[in-house]
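A.B. asks: Sequence:
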Amino acid sequence: MWNKNFNLLLIANFFLYTAVYMLFPALHHWMVSEGGYTGFQAGGAIAIFGASLFLLGAFNNYLVDTFKRKNVCTRSLLLLALLGLLYPYAGEWGMIFLLRVLQGALFGVVLMAMGSTLVIDVTPSQYRNKASVVFTWSGVLGMLCGILLGYNAGWYLSFQQQIYLFVGLCALPVVLVSMVEVCFRAPLDLPLLSFDRFLLFRTLIPGLNMMVVPFILGVLFSSIFDTFFYICIIAGFIVFLLLDRVVRKQVNGRLLNGVGLVLMCVAVWCWAVPPKKKC
0 MWNKNFNLLL IANFFLYTAV YMLFPALHHW MVSEGGYTGF QAGGAIAIFG
50 ASLFLLGAFN NYLVDTFKRK NVCTRSLLLL ALLGLLYPYA GEWGMIFLLR
100 VLQGALFGVV LMAMGSTLVI DVTPSQYRNK ASVVFTWSGV LGMLCGILLG
150 YNAGWYLSFQ QQIYLFVGLC ALPVVLVSMV EVCFRAPLDL PLLSFDRFLL
200 FRTLIPGLNM MVVPFILGVL FSSIFDTFFY ICIIAGFIVF LLLDRVVRKQ
250 VNGRLLNGVG LVLMCVAVWC WAVPPKKKC
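Numbering follows numbering that gives the first Met the number 0, in which position 279 of the sequence shown is assigned residue number 278; successive positions increment by one, without gaps.
It should be emphasised that the hints constitute simulated quantities derived from the structure, not laboratory data. Heads up, a few of these hints could be off.
Said to hold, decoys possible - Distance condition first, Cα-Cα at most 25 Å in a straight line; then the derived SDA-like pairs of lysine to any residue:
1) Lys129 to Val181
2) Lys3 to Tyr126
3) Lys69 to Leu140
4) Lys69 to Leu84
5) Lys67 to Ser115
6) Lys3 to Asp64
7) Lys129 to Ile204
8) Lys129 to Ala46
9) Lys3 to Ile204
10) Lys3 to Asp120
11) Lys3 to Ala130
12) Lys3 to Lys67
13) Lys69 to Val121
14) Lys3 to Leu110
15) Lys3 to Leu84
16) Lys129 to Phe23
17) Lys67 to Ala130
18) Lys67 to Ala89
19) Lys69 to Ser131
20) Lys67 to Trp1
21) Lys69 to Ser137
22) Lys69 to Ile204
Stated by the list, open to error - Quick list of the computed label-pair ranges, beta carbon to beta carbon:
23) Val267 to Tyr163: 30 to 38 Å
24) Ser32 to Asn2: 23 to 31 Å
25) Gln125 to Tyr155: 22 to 30 Å
Note that beta-carbon positions come from the ideal geometry of N, C-alpha and C, so glycine has one too.
Work out the full structure, taking the sequences as your base and the hints as a guide.
C.D. replies: Printed below as a string of structure tokens:
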């Protein structure tokens, strides 16, 4: 499983998530402090990115089986980066909103081309489930590092410089994915629209259930500005990785899911309850 191509994709995925998520706090702070927008307007522009991930989903199967998969990934990444350069020149909220929509749609294509296609192509069939898990965790770590970077970079860099950093971080996955060696696949005669590589209806309910987690994390990311908080989240993920193999063999997956959601709700409640004042 740990071949050169897979390792390149792991590193590329880490930098991709770092780039995308560093823009969340950076853009929010810029819109509120320099753009004069309200927190609600800034939050709306940030949140639409997540919904836009699904815009091009029905075209996924056509894109990766008609064109070269590496090209679909790298060109979507380049467009994602180039659109970021337009933020300092977006004077209206609607323009910022449109840029977030376009970036979200392109990010969805990159995730599909890299995580759901290229990783499968370069991994032996018997290791594909394990490879998908490892690949996902590289994105999780990149996400947390990106949030930390976005919150702290504002102390040292202007918004324009942060955008250049975002573009540079996007350029790294472009180079790394370009180095991946994938067998050529002849174009297939596929319909333009398809649910393949996009949506499996039998997984719709579990998928909606799991959307609760990124929704809660998204609310926290847009409202908590504390480096120590995110360091604790990283520590929690590391503890889980150490315990995962032991716990998963002994406990049912549904029970683990339920316990995780309950613990997350308890953690959010503890965070929301103000400490009692000492007499």
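A.B. asks: Would you mind marking each hint as holding or not holding in the structure?
C.D. replies: Cross-check of the supplied hints:
1. Lys129 to Val181: Measuring from Cα to Cα gives roughly 20 Å; hence the hint holds.
2. Lys3 to Tyr126: holds (15 Å)
3. Lys69 to Leu140: Holds: Lys69 and Leu140 sit about 23 Å apart, inside 25 Å.
4. Lys69 to Leu84: Holds, at roughly 23 Å.
5. Lys67 to Ser115: holds (14 Å)
6. Lys3 to Asp64: This hinted pair holds, its Cα atoms lying about 23 Å apart.
7. Lys129 to Ile204: Within the cut-off at roughly 23 Å; holds.
8. Lys129 to Ala46: Violated: Lys129 and Ala46 sit about 31 Å apart, past 25 Å.
9. Lys3 to Ile204: This hinted pair is violated, its Cα atoms lying about 36 Å apart.
10. Lys3 to Asp120: Within the cut-off at roughly 13 Å; holds.
11. Lys3 to Ala130: Since the Cα atoms of Lys3 and Ala130 sit roughly 13 Å apart, the hinted pair holds (cutoff 25 Å).
12. Lys3 to Lys67: holds (20 Å)
13. Lys69 to Val121: holds (12 Å)
14. Lys3 to Leu110: Holds. Lys3 to Leu110 sits at ~20 Å (cutoff 25 Å).
15. Lys3 to Leu84: Roughly 32 Å between the alpha carbons, so the hint for Lys3 and Leu84 is violated.
16. Lys129 to Phe23: The given pair, whose Cα atoms are some 30 Å apart, is violated under the 25 Å limit.
17. Lys67 to Ala130: Measuring from Cα to Cα gives roughly 22 Å; hence the hint holds.
18. Lys67 to Ala89: Given pair Lys67, Ala89 is violated - Cα atoms ~33 Å apart, limit 25 Å.
19. Lys69 to Ser131: holds (18 Å)
20. Lys67 to Trp1: The hint holds at about 23 Å.
21. Lys69 to Ser137: holds (19 Å)
22. Lys69 to Ile204: violated (31 Å)
23. Val267 to Tyr163: 30 to 38 Å: holds (35 Å)
24. Ser32 to Asn2: 23 to 31 Å: violated (46 Å)
25. Gln125 to Tyr155: 22 to 30 Å: Taking Cβ atoms as reference, Gln125 and Tyr155 lie about 47 Å apart, which means the hint is violated.
The structure shown violates the earlier hints numbered 8, 9, 15, 16, 18, 22, 24, 25.
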